[in-house]
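Enquirer: Next come the chains, spelled out residue by residue.
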Amino acid sequence: MDKKRLNQNPEDQVPTWLRQVLDIAKSSATAIGASVGEEPASAAFRQKCRQAADAALSIARLRRERQRIGFVPISLREYVHGLFLAAELQASPVLRWLGVDDPTDLDSASIKDWARLAREIGMELRETLIHARIGKVVGQGYAPFPMLFAQRSPGLRQRPIEVCEAILRQIESEFSPQVREEFQGLDREIREGYGAC
Amino acid sequence: MGVARKKEIEQLATRLKNLEDTAAYHKFADVFGPRFRSLFRSKGLTASEAEDLACSCITDIALKIEKYRPQAGGGFESWVFKLAQHAVADWWRQYPIRPLAYEEAATPELDLARGEEAASIREAVQQSLKELSAADREVIQLREFGGLPMTFSEIGTQLGIQTGTARVRYHRALKKLAPLLLKNPRLDRILKRVHHPDSRNNHGQETTQPES
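Residue numbers (my numbering), protein chains in the order written: chain S, 337 to 533; chain L, -18 to 193.
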């Protein structure tokens, strides 16, 4: 009888979403009326919290090491690897923080992840882009970049970062459109890692 | 919080600036991790979302420790929770928000099997019921949440009113409950998921249509 009347009177229709919500709540009626107490932290969650703190500590130490070392004209990969070695740090807490699938392998991080880390340890976008561009040049059959840098830097009053940019501009002007396109992709990914896109 | 405890928390801020003090970082995680999670749960995040954001906050806030100035007022704990509040506000900004009406918050694709989602819904209903008048809450509880849900006739007998009056009172109570549920952040997000761009199919259409 009640059901019949409900169907007859549109005002009595309970919207589907509300019916579903009530049914779900009803499915565990004992929960209704019980207070929402604080859920105890599981051992797994506490462990994750500590790993998050370890990541902060590692990044802070990398940041300190980076401040000590400053700019070096090498690829981003070499630079980040070098920082971990110089600071005597394991990469895994940082890789977990970055959300990398394999936290044991620094090289499994994407260029965007590396850029995010670079930003976090205080590297300017301009500098990170130079490191990444150096990495690309390495694969194009040129002399090791530190040698190219040494060739150009004596007698110049420019900052090392500006010398590198000048060298890179010259080298990149000789690249094919296809390689230039790859460079643009790299540039975009790094800017995304910096949240600059 | 006791004075000693407050002093200990304040000292933690100083200790975190020492990068050789690993124990301080672990203590920061132990003290604030579960509290962040409780805060985020109260803001409508599911348990796993709250845990992920809590962990993310531990890293991000610890990395900002150099910016903490004790004289800024409020102390370290207050500074930490201010940042955590910003984090959860940013988290919510990822979702498009628009008000939903009583009739249109269709959820045919609501995944009822997801335990975590069901828990959020139960909590939302529980919270919203508390905001109703005692009479409205009673009629909904009798109809929906009694050990054996009652018919309107039984509700009428129990409350000493006509069957029709019980029915009308129940539906009026539901109409009051609905906007409270729609305002509840726990439920709000679940209901709006059908309108989120992620729920669109390859043709750019929503996979579910609001009811008319």
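Simulated from the structure, these hints should not be mistaken for lab results. Wrong hints could be hidden among the right ones.
Said to hold, decoys possible - Derived pair list, reagent style BS3-like, types lysine-lysine, alpha-carbon separation capped at 27 angstroms:
#1 L:Lys111 <-> L:Lys48
#2 L:Lys24 <-> S:Lys362
#3 S:Lys384 <-> L:Lys156
#4 L:Lys63 <-> S:Lys362
#5 L:Lys(-12) <-> L:Lys48
#6 S:Lys384 <-> L:Lys111
#7 L:Lys(-13) <-> L:Lys8
#8 L:Lys164 <-> L:Lys111
#9 L:Lys(-12) <-> L:Lys63
#10 L:Lys45 <-> S:Lys384
#11 L:Lys45 <-> S:Lys448
#12 L:Lys(-2) <-> S:Lys384
#13 L:Lys164 <-> S:Lys362
#14 S:Lys384 <-> L:Lys(-13)
#15 S:Lys362 <-> L:Lys156
#16 L:Lys157 <-> S:Lys384
#17 L:Lys48 <-> S:Lys384
#18 L:Lys(-12) <-> L:Lys45
#19 L:Lys111 <-> S:Lys362
Enquirer: Within a Cα-Cα threshold of 27 angstroms, do lysine 45 of chain L and lysine 448 of chain S meet the stated pairing?
Expert: 22 angstroms, holds
Enquirer: Would the hint linking lysine 384 of chain S and lysine 111 of chain L be met if the CA-CA limit is 27 angstroms?
Expert: Not OK: lysine 384 of chain S and lysine 111 of chain L at ~35 angstroms, beyond 27 angstroms, violated.
Enquirer: Run the distance test for lysine 111 of chain L versus lysine 362 of chain S: straight-line Cα separation, threshold 27 angstroms.
Expert: 16 angstroms, holds
Enquirer: Holds or violated: lysine 164 of chain L with lysine 362 of chain S, Cα cutoff 27 angstroms?
Expert: Since the Cα atoms of lysine 164 of chain L and lysine 362 of chain S sit roughly 20 angstroms apart, the hinted pair holds (cutoff 27 angstroms).
Enquirer: Assess, step by step, whether the Cα of lysine 24 of chain L is no farther than 27 angstroms from the Cα of lysine 362 of chain S, and give holds or violated.
Expert: Answer holds: lysine 24 of chain L to lysine 362 of chain S is near 23 angstroms, not above 27 angstroms.
Enquirer: Need the status of pair lysine 384 of chain S, lysine 156 of chain L: alpha-carbon distance at most 27 angstroms?
Expert: Violated, at roughly 43 angstroms.
Enquirer: Has the given pair, lysine 48 of chain L with lysine 384 of chain S, been kept, meaning a C-alpha gap of at most 27 angstroms?
Expert: Between lysine 48 of chain L and lysine 384 of chain S the Cα gap is close to 25 angstroms, so the pair holds against 27 angstroms.
Enquirer: Would the pair lysine -13 of chain L and lysine 8 of chain L pass a check requiring their Cα atoms to be no farther apart than 27 angstroms?
Expert: Holds. Lysine -13 of chain L to lysine 8 of chain L sits at ~14 angstroms (cutoff 27 angstroms).
Enquirer: Lysine 164 of chain L and lysine 111 of chain L: Cα distance at most 27 angstroms?
Expert: Judged against 27 angstroms, a Cα distance of about 14 angstroms means the pair holds.
Enquirer: Given the hinted pair lysine -12 of chain L and lysine 48 of chain L, is their Cα-Cα distance within 27 angstroms?
Expert: With Cα atoms ~19 angstroms apart, lysine -12 of chain L and lysine 48 of chain L stay inside 27 angstroms; holds.
Enquirer: Mind checking the alpha carbons of lysine 384 of chain S and lysine -13 of chain L for me, to see if they're no more than 27 angstroms apart?
Expert: Status holds; Cα separation ~25 angstroms.
Enquirer: Is lysine -12 of chain L close enough to lysine 63 of chain L, meaning Cα to Cα at most 27 angstroms?
Expert: 19 angstroms, holds
When held up to the earlier numbered hints, the structure conflicts with 1, 3, 4, 6, 16 and fits the remainder.
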